[in-house]
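A.B. asks: Modelling step: build the complete structure from the supplied sequences, incorporating the hints.
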Amino acid sequence: MSEMFANLALGFGVALTLKNIALCFTGCLVGTLIGVLPGVGPIATIAMLLPITFGLDPVGALIMLAGIYYGAQYGGSTTAILVNIPGEATSVVTTLDGHQMAKQGRAGVALGTAALASFFAGTVATMVIAALGAPLTKLALLFGPAEYFSLMVMGLCFAVVLARGSILKAFCMIMLGLLLSTVGTDLETGQERMTFGFPPLSDGIDFAVLAMGVFGFAEVLRNLENPETRDVVRTKIGRLLPNWDDIKQSIAPVLRGTSVGAILGILPGNGAVLGPFASYTIEKKIAKDPSRFGKGAIEGVAGPEAANNAGAQTAFIPLLTLGIPPNAVMALMVGAMTIHGIIPGPQVMTKNPDLFWGMIASMWIGNLMLLVINLPLVGVWVKLLQVPYRLMFPAILIFCSIGIYSVNNQPVDVAFTALFGLFGYLLIKLGFEPAPMLLGFVLGKLMEEKLRQALIISRGSFLTFIERPISAGLLLVAVAILVIALLPSMSKKREEVFTE
Amino acid sequence: MKKLALSLAAALALALPAQAQSKYPERPITMIVPFAAGGPTDIIARIVSENMSKTLGQQIVVENVAGAGGTTGIARALTATPDGYTIAMGHLGTFSAAPATYPGLKYDPINGMQTIGLAGGTPILIVAKKNFEPKDLKEFVTYVKTNTDKVNEAHAGVGSVSWTTCTLLKGQLGVPKLNSVAYRGTGPALNDLVSGQIDFMCDQIVSVAEQVKAGTIKAYAIASVQRSPALPDVPTTKEAGLPEYQIEAWNGIAAPKGMPKEAVDKLVAALDKALNDETVKKRLLDLGTVLPTAEERTPAGFAALIKRDADKLSPVLAAAPKQ
Chain W
1 MSEMFANLAL
11 GFGVALTLKN
21 IALCFTGCLV
31 GTLIGVLPGV
41 GPIATIAMLL
51 PITFGLDPVG
61 ALIMLAGIYY
71 GAQYGGSTTA
81 ILVNIPGEAT
91 SVVTTLDGHQ
101 MAKQGRAGVA
111 LGTAALASFF
121 AGTVATMVIA
131 ALGAPLTKLA
141 LLFGPAEYFS
151 LMVMGLCFAV
161 VLARGSILKA
171 FCMIMLGLLL
181 STVGTDLETG
191 QERMTFGFPP
201 LSDGIDFAVL
211 AMGVFGFAEV
221 LRNLENPETR
231 DVVRTKIGRL
241 LPNWDDIKQS
251 IAPVLRGTSV
261 GAILGILPGN
271 GAVLGPFASY
281 TIEKKIAKDP
291 SRFGKGAIEG
301 VAGPEAANNA
311 GAQTAFIPLL
321 TLGIPPNAVM
331 ALMVGAMTIH
341 GIIPGPQVMT
351 KNPDLFWGMI
361 ASMWIGNLML
371 LVINLPLVGV
381 WVKLLQVPYR
391 LMFPAILIFC
401 SIGIYSVNNQ
411 PVDVAFTALF
421 GLFGYLLIKL
431 GFEPAPMLLG
441 FVLGKLMEEK
451 LRQALIISRG
461 SFLTFIERPI
471 SAGLLLVAVA
481 ILVIALLPSM
491 SKKREEVFTE
Chain E
501 MKKLALSLAA
511 ALALALPAQA
521 QSKYPERPIT
531 MIVPFAAGGP
541 TDIIARIVSE
551 NMSKTLGQQI
561 VVENVAGAGG
571 TTGIARALTA
581 TPDGYTIAMG
591 HLGTFSAAPA
601 TYPGLKYDPI
611 NGMQTIGLAG
621 GTPILIVAKK
631 NFEPKDLKEF
641 VTYVKTNTDK
651 VNEAHAGVGS
661 VSWTTCTLLK
671 GQLGVPKLNS
681 VAYRGTGPAL
691 NDLVSGQIDF
701 MCDQIVSVAE
711 QVKAGTIKAY
721 AIASVQRSPA
731 LPDVPTTKEA
741 GLPEYQIEAW
751 NGIAAPKGMP
761 KEAVDKLVAA
771 LDKALNDETV
781 KKRLLDLGTV
791 LPTAEERTPA
801 GFAALIKRDA
811 DKLSPVLAAA
821 PKQ
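For the record, the sequence lines run as chains W and E. According to the numbering used here, the first sequence holds residues 1 to 500 in order. According to the numbering used here, the second sequence holds residues 501 to 823 in order.
Since the hints were made in silico from the structure, they are not lab data. Note that the structure is a prediction, hence the values are computed from the model and not measured. Please note that a few of the clues may not be correct.
Pair by pair, the computed Cβ-Cβ distance ranges are [as the list claims (entries may be wrong)]:
| # | chain 1 | residue 1 | chain 2 | residue 2 | range |
| --- | --- | --- | --- | --- | --- |
| 1 | W | Thr-182 | E | Lys-807 | 55 to 61 Å |
| 2 | E | Pro-760 | W | Asp-354 | 44 to 50 Å |
| 3 | W | Leu-368 | E | Asn-647 | 55 to 61 Å |
| 4 | E | Lys-606 | W | Leu-141 | 41 to 47 Å |
| 5 | E | Arg-527 | W | Ala-6 | 51 to 57 Å |
Cβ coordinates follow ideal geometry from the N, Cα and C atoms, glycine included.
C.D. replies: Right, here's the structure in full:
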């Protein structure tokens, strides 16, 4: 325990340098900005900003990128409440009661409750990461290639089950991601695979190229076809701080939301997205008068907002301790770490303690900043919601292209990004979600590597995955979750959760 | 319009001879680093080029062109106009090992490029998991030779420094077909070495020194003539009984063949000055780098080093099983 506080002290020492505070602030501000603007998500933004971080040291770069991520969670709620458009996938639930509150002239209270709930949840989640980081890293030493492989299989099964929309489509997207990841030079033999003799493909598809194309470019294309109709609340925002009655009503939902969100966030396969849904369902179930929900119930804002922020932060745990990204944003963080020469995994904590603890400390500082950025600046964000797309989109595209070119200084990368942009647009049109593909793409490289390592070490015996107890356990969980999800009664319930 | 074109041509005609007389360098120089930013070669390139820029009076801009074990970037640099404005920082892999590793290589590091000089060398260590049976290098050699079906070796992918140097070791020990496990980078390989999933690997001292000091892995020997100040307890291969295993992962500067002598001389002098600078020296030594000798800082000395290591590596690499 005292070790944990010593570590946190080290972390705050790193995070509280003037430069890192400035970077954290920049990250939070940019994050809020893109969270507020519907259409541009944290995945696209982090992908776009990756090249810009080259000039920074790794700690500062990751502090800023992390800030963008959880900043977007805050910003997303603002749009959800004021415009009835979820700025982020995790703030979908907030639209239900948040926007109703805004219509009743309680926009300020809704925004204030969301921000305070998020801050509380963020603080708790930071403590959870600090407490669980060290023991989980020790656990990681029990993990050999076979265990890592099984863990990723389990993660992908979760990702399939938790994805929005059809299970079959999510499965297809993950498979496509896995396939794309095998393009390039074979690690063991040095043979080129699926490159069609085209030299730029010999190193495989660049992660930034794929991410920026499918998320950045494709999102812009998709937004272009929607006419600009935004139902911005015209009424006054009103007082921001919730009164005593509001607080009394919110405390229990915030506590429940925080625990649910924190637990789901650790799960591989984007459990964080599920947090707000779960919290909302719980609140509605145990409420004395469930009919109030959907008509501006403050519990329906407080619980899910706490859950989404807690989940957003605990999602860093698998990344920082095992080096395995649980969702697409974390996959981007893996890319960022690799670009800066840090190999994500259990070594990070011992080899780069300043990075590990600095990032954790900066998360708490960032949450505090977000509280400050969000509440007094609400007016600014509302104005921003009125920037026309015709100004925003060309700027985004130019920015993307410059960024992608500067990764490897290869013009062909820009062309590839454009191609993936078109491809991503096609996917969206056909109702396929691209996020599982990105996760599959990142995990694919790792999975292949681990699979082959495990098999080489076991001299080619597949039994190694079942003979090793941890590996067998993980595979068992994977099978169980698939079976449960495919049971007719469950799949019906699953649809209900996602349509609600 | 025609008038404008004419006057432009006249201006150009006037300007050209003036340019030919002027001193090199008169605009920024591009240094291509064939790996991603943040890697060992990139760090050395940035440390050295920053000081060289001051000497030359023009900025050296580091451009990272990664791909195919570094050969994409080197190929681009070596096919550029040989005017001294495009140079490259390559290493053991791209200059000495690449011809044997990549059959379709688009450049010839022995006859087809202008060497400038060596920037620094990094010793290679033979390391193993801490409870690996053999106690010293001699036992290790016998153990590996008699247990070829049990021992697992790790490396960071075909073409990497760890793969190249370990393939040399296995070739010299006469066990080229030893079970070898590929990782994406030495970081993940080191993880599995610490947790005992694999038995041994060869890697640069920079990557493994911390773990050896902490006792989470053990080092059998350092493949250099002298012990390293970073790990004074680790014997050299010569002391430990495998004198023929001598290999270093070095980084050095080269340029396209046929560039003006003036440019070569200026770059060589600037590199030498950088390597004598106290701050540069300190930063390189902190990385575990061995500073190059006076001979290795010259084009001829660097070319000789490339040739020597190429001759040493080519037969083993060509014979290495590609599975």
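A.B. asks: Checked against the structure, which of the hints given earlier come out wrong?
C.D. replies: 1
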